[in-house]
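2 protein chains.
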Amino acid sequence: MIYLTQSIHRNAQIYANQTATVCNGRTHTWSQFRDRISRAAGGLQSLGVKEGDRCAILSLNSDYYLEYYYLIPWSGACLVPLNIRWTAKENAYSLTDAGTKVLFVDDTFAPMVAALKAEGVELNHIIYIGEKTCPEDMISYESLIADHEPVEDSYRHNDDLAGIFYTGGTTGFPKGVMLTHTSLWTSAVSLIASMSIGASTKYLHAAPMFHLADNAMTQASVIAGASHYFIPAFTPEGVIKAISIHDITHTLLVPVMIQMVVDTLDKNPADMSSLQRLLYGASPISESVLVRAMAALPNTKFSQGYGQTELSPLATMLGEEYHTTNGPYAGKLKSAGRAIACVEIKIVDENNNRLGVNEIGEVAVKGPNAMVAYWNKPEETAKTLKDGWVHTGDAGYLDEDGFLFLVDRVKDMIVSGGENVYSTEVENALMKHPDIAQAVVIGIPHDKWGEQVHAEIILKEGSVATESEIKIHCQEYIANYKCPRSITFRSKPFPISGAGKLLKREVRKPYWEGTERGIS
Amino acid sequence: MIYLTQSIHRNAQIYANQTATVCNGRTHTWSQFRDRISRAAGGLQSLGVKEGDRCAILSLNSDYYLEYYYLIPWSGACLVPLNIRWTAKENAYSLTDAGTKVLFVDDTFAPMVAALKAEGVELNHIIYIGEKTCPEDMISYESLIADHEPVEDSYRHNDDLAGIFYTGGTTGFPKGVMLTHTSLWTSAVSLIASMSIGASTKYLHAAPMFHLADNAMTQASVIAGASHYFIPAFTPEGVIKAISIHDITHTLLVPVMIQMVVDTLDKNPADMSSLQRLLYGASPISESVLVRAMAALPNTKFSQGYGQTELSPLATMLGEEYHTTNGPYAGKLKSAGRAIACVEIKIVDENNNRLGVNEIGEVAVKGPNAMVAYWNKPEETAKTLKDGWVHTGDAGYLDEDGFLFLVDRVKDMIVSGGENVYSTEVENALMKHPDIAQAVVIGIPHDKWGEQVHAEIILKEGSVATESEIKIHCQEYIANYKCPRSITFRSKPFPISGAGKLLKREVRKPYWEGTERGIS
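Residue numbers (the working numbering), protein chains in the order written: chain A, 1 to 520; chain H, 1 to 520.
These are computed hints drawn from the structure, not numbers from a lab.
Be aware that one or more of the hints could be misleading.
Said to hold, decoys possible - 30 angstroms max Cα-Cα, derived DSS-like pairs, lysine-lysine:
| # | chain 1 | residue 1 | chain 2 | residue 2 |
| --- | --- | --- | --- | --- |
| 1 | H | K471 | H | K509 |
| 2 | A | K346 | H | K50 |
| 3 | H | K301 | H | K267 |
| 4 | H | K241 | H | K448 |
| 5 | A | K301 | H | K301 |
| 6 | A | K346 | A | K301 |
| 7 | H | K377 | H | K50 |
| 8 | H | K346 | A | K50 |
| 9 | A | K471 | A | K492 |
| 10 | H | K101 | H | K377 |
| 11 | A | K117 | A | K377 |
| 12 | H | K386 | A | K50 |
| 13 | H | K50 | A | K386 |
| 14 | H | K509 | H | K334 |
| 15 | A | K50 | A | K132 |
Unchecked claim - What follows is a list of derived Cβ distance ranges for each label pair:
| # | chain 1 | residue 1 | chain 2 | residue 2 | range |
| --- | --- | --- | --- | --- | --- |
| 16 | A | D247 | H | E287 | 32 to 40 angstroms |
| 17 | H | V357 | A | Q475 | 51 to 59 angstroms |
| 18 | A | S274 | H | V357 | 30 to 38 angstroms |
| 19 | A | D247 | H | K448 | 41 to 49 angstroms |
| 20 | H | T27 | A | G388 | 27 to 35 angstroms |
| 21 | H | E287 | A | S273 | 33 to 41 angstroms |
| 22 | A | S286 | H | K334 | 47 to 55 angstroms |
| 23 | H | V357 | A | S46 | 24 to 32 angstroms |
| 24 | H | P445 | A | S46 | 54 to 62 angstroms |
| 25 | A | V357 | H | E237 | 42 to 50 angstroms |
Built from N, CA and C at the ideal position, the CB exists for glycine as well.
Next comes chain A alone, as it looks inside the complex:
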């Protein structure tokens, strides 16, 4: 049987006295790690948490977050890691949708609890994983550990639900992606070999730990017995400092973060020689950033991962050998790479027929890492999961060497600073404004973030809503990163196809003409 906690048993046996976590002056060995999570699991059970119950977390990165990822399955419960960039409304929806009764919060998010409750969230227990004094209405995580004896592992495994991971929804509501022990494990194990992760690896959690991208590296690093280091949230200075102090060997960033690290190193050089491997995702790296990054990080090999939450999350990887602009491996830098070890990839047309080499269609992926379903959303599940294949909503083609090139997002998604923004979700928020008649949201080019969320709006007759009013309105409903950064008020109707469908491509066109991505 495949079970996420297996690596904790193994590490406590074969790396008992090796470092598991280093955070805020605390260091725990794998033996201590097992002891702590088996006690915390006992604590949860004493609070009435039963097999399959959902326990959420809303926290910046820390060693406690890593413990959460293992104490929850150990106790028999299910993971629900919440998006730290979402509003209280969005996370409240997710908590209620999953029927969550327990929430772990750190100092940053303890104040959000009141807002969640105001949105109707009913929580039985709130576990405090902060660094200060535990608020009165919460349970101290360290007391939970201190006050309980270690319990036996629940040994949930294989197709048992490991967690529900919320992702932006095309319908305007977050969708809970149901992932099993097998799906998370197989995605992670495919990473170990291609990223050369081993027991001497020092992994830095720099990207947010709720996100499946960091989670894949988390699981892979734990399986391999690596040591874990944390910064609460990404800053270029924080990454640089952690790497140079702790001799970090591996980390995961998105291209925009890499660029910020390189910019900072330009001004304040630091010793980055320990960094062997850097995995990036969410978008291809541009040649200019790569050339600068390779100069700034001379010992580092770059790999790209592409995927989505529905794939736990990996679909493809672009290996380090293809991060070059000359020689026999050149020419693939704009590719998302090739199928990871455990998956098959195909490109299909709108009738789900398999397309040939270099033909553009929707990317579909089949493998043990595929999600089971969207939680409580059978219709959305049926649209995405067909005959074992996850239909990603991304458009692309496979070249003759099996390299995947993404050309567009079928589901009309904007990727800004490594975050996915579904335009429908932003449009829904806009349409709640009483003055707006029609709203179309698109991504437009942005030097730093890749794409910027842009809205084109037709106001109701006689309305006088301003750009700043509308922006503030949006912040009530959706995370800040999803809110339009720019708004154009238009009087001309939106372009419509013969079949009456909005031609979003036509709306996008003027912004992208003459740019590299304008071709697609």
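Guided by the hints, dock chain H onto chain A, whose structure is given.
For chain H alone, kept in the frame of chain A given last:
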């Protein structure tokens, strides 16, 4: 879902024109490989082979053998790879036990078919995978491929039975170990990272391909997209020639084979510089052999694997860094290594209680690579598989670093030249001789093979059977490597415990006193 054929789909997509197999002057790419196996699978289906049907193979190593390992699951059928060292009686038992209707044979084993039929084996079809003219009563494998269109993959997966692998039985009969797609895949995937297997790997099949040891490397190398090379059967000259001609990078041998390769290289030096990795199993490597091997193979990193068919087959690995006699990693060379990435290991006493560090007991292993059951043997299954743990029958202890040291075989197994011989099986064969009253079989020290099969016999009163008569008698029932190499006739009764149990340890004692293994 996890399925063995997934790597064939992937390799045909991302390594389409790269070499899959090189054998007897034939070279096939991964694209051709997929084409061939999907046609052969169609051929099998046209012969009436249905989902779950068992299809056996009795053959030396070749590219056809590798194709067999994938065309069978592609067709929906189950693998039954037969032991090439067993007698017709033993393999006939296995074929009948598994209810096998189709057999693949090469030139070496085509002549054994008559003997199998004489033992009552009923076969519907015999597929000829030899290099000569296809015998009249067999079906040519190449015609099967040429005459049929490619069929769709059956996509058998996860807990579906992938194959039945026969292993020597303690009761005197072979036991069919049922392994699933998940069990074979998880064992293999754990090897990829620790053996640095990749698409540029050139793997030499030197150990017999029916055996799970080579099978683990087979699956791992196919998942990684490596190229496969073959010698029909192990000879030191064959291994050396293949490595130097094809620039082989990886292979698997047992220590006794390593010693023979090194002996041969002493006499006839050859360029072995391409060989990066050598995995050995079945027994620890002695310090003297390792020192010689490291001198003869200066570019080669050594790793040890320990396991058994019931674990698909891996339980532990001793990494390359521990193949040293000095420095911080020294002192583990006699260990079988530590738990592979996907398993947990414990040591238990006779009441199945977990023992502590350095305490000797039976080795038990839990993981997704564990067998489902012994085919049609519920009692034997219940003895071996308890609560998800495979009880290996091997005695050993775990040191404070989680390294496993094997000290004895609980199930009384002799390991001779890397092959396991169950003494009960040999004793059963002996007892079929009309002149033998009592027989006890033990392993005694042997310089080259590690252990030698030795029998102590009490003849019936007035009997006059000779040593050579008894040896010939045994060859009728069991494989040559299992037959006693030496026999002592005794008149004194065998030592018996207070409870009336034969004290085999006492019988072994005089042979092992003063030797290294005599301590246990």
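Verification of the supplied hints:
no.: 1; hint: K471(H) - K509(H); result: holds (24 angstroms)
no.: 2; hint: K346(A) - K50(H); result: holds (28 angstroms)
no.: 3; hint: K301(H) - K267(H); result: holds (23 angstroms)
no.: 4; hint: K241(H) - K448(H); result: holds (23 angstroms)
no.: 5; hint: K301(A) - K301(H); result: holds (23 angstroms)
no.: 6; hint: K346(A) - K301(A); result: holds (28 angstroms)
no.: 7; hint: K377(H) - K50(H); result: holds (24 angstroms)
no.: 8; hint: K346(H) - K50(A); result: holds (28 angstroms)
no.: 9; hint: K471(A) - K492(A); result: holds (22 angstroms)
no.: 10; hint: K101(H) - K377(H); result: holds (20 angstroms)
no.: 11; hint: K117(A) - K377(A); result: holds (24 angstroms)
no.: 12; hint: K386(H) - K50(A); result: holds (26 angstroms)
no.: 13; hint: K50(H) - K386(A); result: holds (26 angstroms)
no.: 14; hint: K509(H) - K334(H); result: holds (21 angstroms)
no.: 15; hint: K50(A) - K132(A); result: holds (29 angstroms)
no.: 16; hint: D247(A) - E287(H): 32 to 40 angstroms; result: holds (34 angstroms)
no.: 17; hint: V357(H) - Q475(A): 51 to 59 angstroms; result: holds (57 angstroms)
no.: 18; hint: S274(A) - V357(H): 30 to 38 angstroms; result: holds (33 angstroms)
no.: 19; hint: D247(A) - K448(H): 41 to 49 angstroms; result: holds (47 angstroms)
no.: 20; hint: T27(H) - G388(A): 27 to 35 angstroms; result: holds (33 angstroms)
no.: 21; hint: E287(H) - S273(A): 33 to 41 angstroms; result: holds (37 angstroms)
no.: 22; hint: S286(A) - K334(H): 47 to 55 angstroms; result: holds (53 angstroms)
no.: 23; hint: V357(H) - S46(A): 24 to 32 angstroms; result: holds (30 angstroms)
no.: 24; hint: P445(H) - S46(A): 54 to 62 angstroms; result: holds (57 angstroms)
no.: 25; hint: V357(A) - E237(H): 42 to 50 angstroms; result: holds (44 angstroms)
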